[in-house]
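Note that the protein sequences, when read in sequence, are chains W and E.
Position in the first sequence counted from 1, then plus 8, gives you my numbering.
Position in the second sequence counted from 1, then plus 1, gives you my numbering.
Rather than coming from a laboratory, the hints here were simulated on the basis of the structure.
Quick reminder that beta carbons are idealized off the backbone N, C-alpha and C, glycines included.
Where hints are given, some of them may not hold.
Said to hold, decoys possible - Ranges between beta-carbon positions, derived for each pair:
#: 1; chain 1: E; residue 1: Asp129; chain 2: W; residue 2: Met9; range: 24 to 34 Å
#: 2; chain 1: E; residue 1: Ala85; chain 2: W; residue 2: Thr246; range: 20 to 30 Å
#: 3; chain 1: E; residue 1: Gly61; chain 2: W; residue 2: Gln168; range: 32 to 42 Å
#: 4; chain 1: W; residue 1: Ala112; chain 2: E; residue 2: Asp129; range: 25 to 35 Å
Stated by the list, open to error - Footprint (simulated), chain E over chain W, 3 or more residues, beta carbon under 8 Å:
#: 5; stretch: 89-97
#: 6; stretch: 240-252
Claimed, not checked - Quick look at which bits of chain E chain W covers, simulated, 3 or more residues with Cβ under 8 Å:
#: 7; stretch: 13-19
#: 8; stretch: 49-57
#: 9; stretch: 73-82
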Amino acid sequence: MNPAIALATAWRVLRQLRNDPRTIALLVAAPSGLMILLRYVYDGSPQTFDRIGLSLLGIFPLVTMFLVTSVAMLRERTTGTLERLFTTRLAKLDLLVGYALAFAVTTCVQVGVVSLIAFGWLGLDAPAGLAWVLALALASALLGMALGLLTSAFAATEFQAVQFLPAVVLPQFLLCGLLTPRSQMVDVLRWLSNVLPMSYAVEGLARVRQGVVDAVLIRDLVVVTGCIVLALALGAATLRRQTS
Amino acid sequence: MTEPAIAVEDLVVHRGNRQVLFGVSCAVPAGRVTGLLGPSGGGKTTLLRAIVGVQRIRSGTVTVLGRPAGDPALRTRIGYVTQAPSVYTDLSVRDNLRYFAALTSGADRIDQVLASVGLPDRAADRVDELSGGERARVSLACALIGGPPLLVLDEPTVGLDPVLRRDLWQLFHDLADAGSTLVVSSHVMDEAARCDRLLLLREGRLYADDTPAAILRQTGAEDLEGAFLRLASEQAPR
Numbered sequence: 009m010n011p012a013i014a015l016a017t018a019w020r021v022l023r024q025l026r027n028d029p030r031t032i033a034l035l036v037a038a039p040s041g042l043m044i045l046l047r048y049v050y051d052g053s054p055q056t057f058d059r060i061g062l063s064l065l066g067i068f069p070l071v072t073m074f075l076v077t078s079v080a081m082l083r084e085r086t087t088g089t090l091e092r093l094f095t096t097r098l099a100k101l102d103l104l105v106g107y108a109l110a111f112a113v114t115t116c117v118q119v120g121v122v123s124l125i126a127f128g129w130l131g132l133d134a135p136a137g138l139a140w141v142l143a144l145a146l147a148s149a150l151l152g153m154a155l156g157l158l159t160s161a162f163a164a165t166e167f168q169a170v171q172f173l174p175a176v177v178l179p180q181f182l183l184c185g186l187l188t189p190r191s192q193m194v195d196v197l198r199w200l201s202n203v204l205p206m207s208y209a210v211e212g213l214a215r216v217r218q219g220v221v222d223a224v225l226i227r228d229l230v231v232v233t234g235c236i237v238l239a240l241a242l243g244a245a246t247l248r249r250q251t252s
Numbered sequence: 002m003t004e005p006a007i008a009v010e011d012l013v014v015h016r017g018n019r020q021v022l023f024g025v026s027c028a029v030p031a032g033r034v035t036g037l038l039g040p041s042g043g044g045k046t047t048l049l050r051a052i053v054g055v056q057r058i059r060s061g062t063v064t065v066l067g068r069p070a071g072d073p074a075l076r077t078r079i080g081y082v083t084q085a086p087s088v089y090t091d092l093s094v095r096d097n098l099r100y101f102a103a104l105t106s107g108a109d110r111i112d113q114v115l116a117s118v119g120l121p122d123r124a125a126d127r128v129d130e131l132s133g134g135e136r137a138r139v140s141l142a143c144a145l146i147g148g149p150p151l152l153v154l155d156e157p158t159v160g161l162d163p164v165l166r167r168d169l170w171q172l173f174h175d176l177a178d179a180g181s182t183l184v185v186s187s188h189v190m191d192e193a194a195r196c197d198r199l200l201l202l203r204e205g206r207l208y209a210d211d212t213p214a215a216i217l218r219q220t221g222a223e224d225l226e227g228a229f230l231r232l233a234s235e236q237a238p239r
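This is chain W alone, in the form it adopts within the complex (with noise of 0.2 Å):
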């Protein structure tokens, strides 16, 4: 690996993304919209706007980018520059840590004007600190990064790349105990939704609501961060230098 080389693929990432005005717009201004619409929605119910709206602070940046992420990453497949890319002395690993610095610089960004909104305006509580939400929320956005560079090859089309979110990310959704505790889901669902990453997550961030900085909250994490390496080295496995 070379640090330059992965420097330059963030900036350029970066880059890519500042001339695309309308796309950052709706990466801060959607998930903000929506966590005043639920604040609203549970106007007289702040302990679920605290229990949703802070689960939702670790979903949006997975879902986000994700997206962001295969579409990109797909564009680089079929427009020629991945192949260009290989014949240069740029490394996988490069190309993998260019991307994901690029996004967690988003991310930030993401999460800052949300949390700003949510916690300084909306009176959303975060007891455990806010380090352990914007460390749980770049884990997700980096877990969505790696989920979407695996899918996008599995994509032929920037259609195909988008449905594969409700297939990879729905499910996660109804399953990480947002919706119902997962203590209470039937034994497969439960045991589906103890191996699926966005749960830990989501446990993750009830720990900061209860204010509990425990082994749980710990632990969350390192799956977590876990399963991004996982999702990495698969994607990265499809990333081939030589083609048939």
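For chain W, the structure is supplied; the task is to place chain E on it using the hints.
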């Protein structure tokens, strides 16, 4: 003659269920412009991909600058321009060049390279605002930025007007005179005469590997188009 820049021995390539190259052997001399000519679908792109090391091959060998094709040491020494311009259309011309310069450890020669491909005042424009021919030249500029000793160019002059084509061929010869080796594919026969050496590839087989003058002499044809027709119809591939 010095050692060839590229030596291909009995190269066989399949893509999917189809055989694309049927035992191609050729040598590309260093410091020259070698034209890879032939009809569309004849295997030109596949041969170029094998040379830059992104094509999986069935059998045979490809040696580039003394190393097997695809060797990591070659990655800083080859500039590859794909047939469809492979640049980032949502970036400016300058940002594209800056990125490819970072990948090739190229010095900051962006303005010089842009001038050499005839785009001196388009650096600030986004690539998706450019015409097809201009995009192709941005893609070429991104390959030139690192000053690689070997340039592999897949139909770099398609869609360009005659003046620009003449200028680019002049640029190719200037680069060769400065010591670079160029392999340039084209399906336009009138470009064949501009090459120092020609490879004629048709249906995955090589029909000629010689200088334009020698090919004319050997076939007795009046021009290279006629020579190619004769080679394709009369002779077994070499």
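Verification of the hints:
In this structure the hint that Asp129/E and Met9/W lie 24 to 34 Å apart at CB holds, the actual value being about 31 Å. The hint said 20 to 30 Å for the Cβ distance between Ala85/E and Thr246/W, and at roughly 22 Å that hint holds. Checked against the given bound of 32 to 42 Å, the beta carbons of Gly61/E and Gln168/W, roughly 36 Å apart, stay inside it. For Ala112/W and Asp129/E, the Cβ-Cβ distance of about 27 Å falls inside the hinted range of 25 to 35 Å, so the restraint holds.
Three residues within the 8 Å Cβ limit are the bar, and the stretch 89-97 of chain W against chain E gives 8, so the coverage statement holds. Judged by the Cβ-Cβ criterion of 8 Å, the stretch 240-252 of chain W is covered by chain E as claimed, because 4 of its residues qualify and three suffice. With a threshold of 8 Å between beta carbons, the proposed coverage of the stretch 13-19 of chain E by chain W holds, since 3 of its residues qualify and at least three are required. Against chain W, the stretch 49-57 of chain E contributes 5 residues with a C-beta closer than 8 Å to a partner C-beta. That satisfies the three-residue criterion, and the hint holds.
Coverage of a stretch by a chain is defined here by at least three residues with a beta carbon nearer than 8 Å to that chain's beta carbons; for the stretch 73-82 of chain E and chain W the count is 5, and the condition holds.
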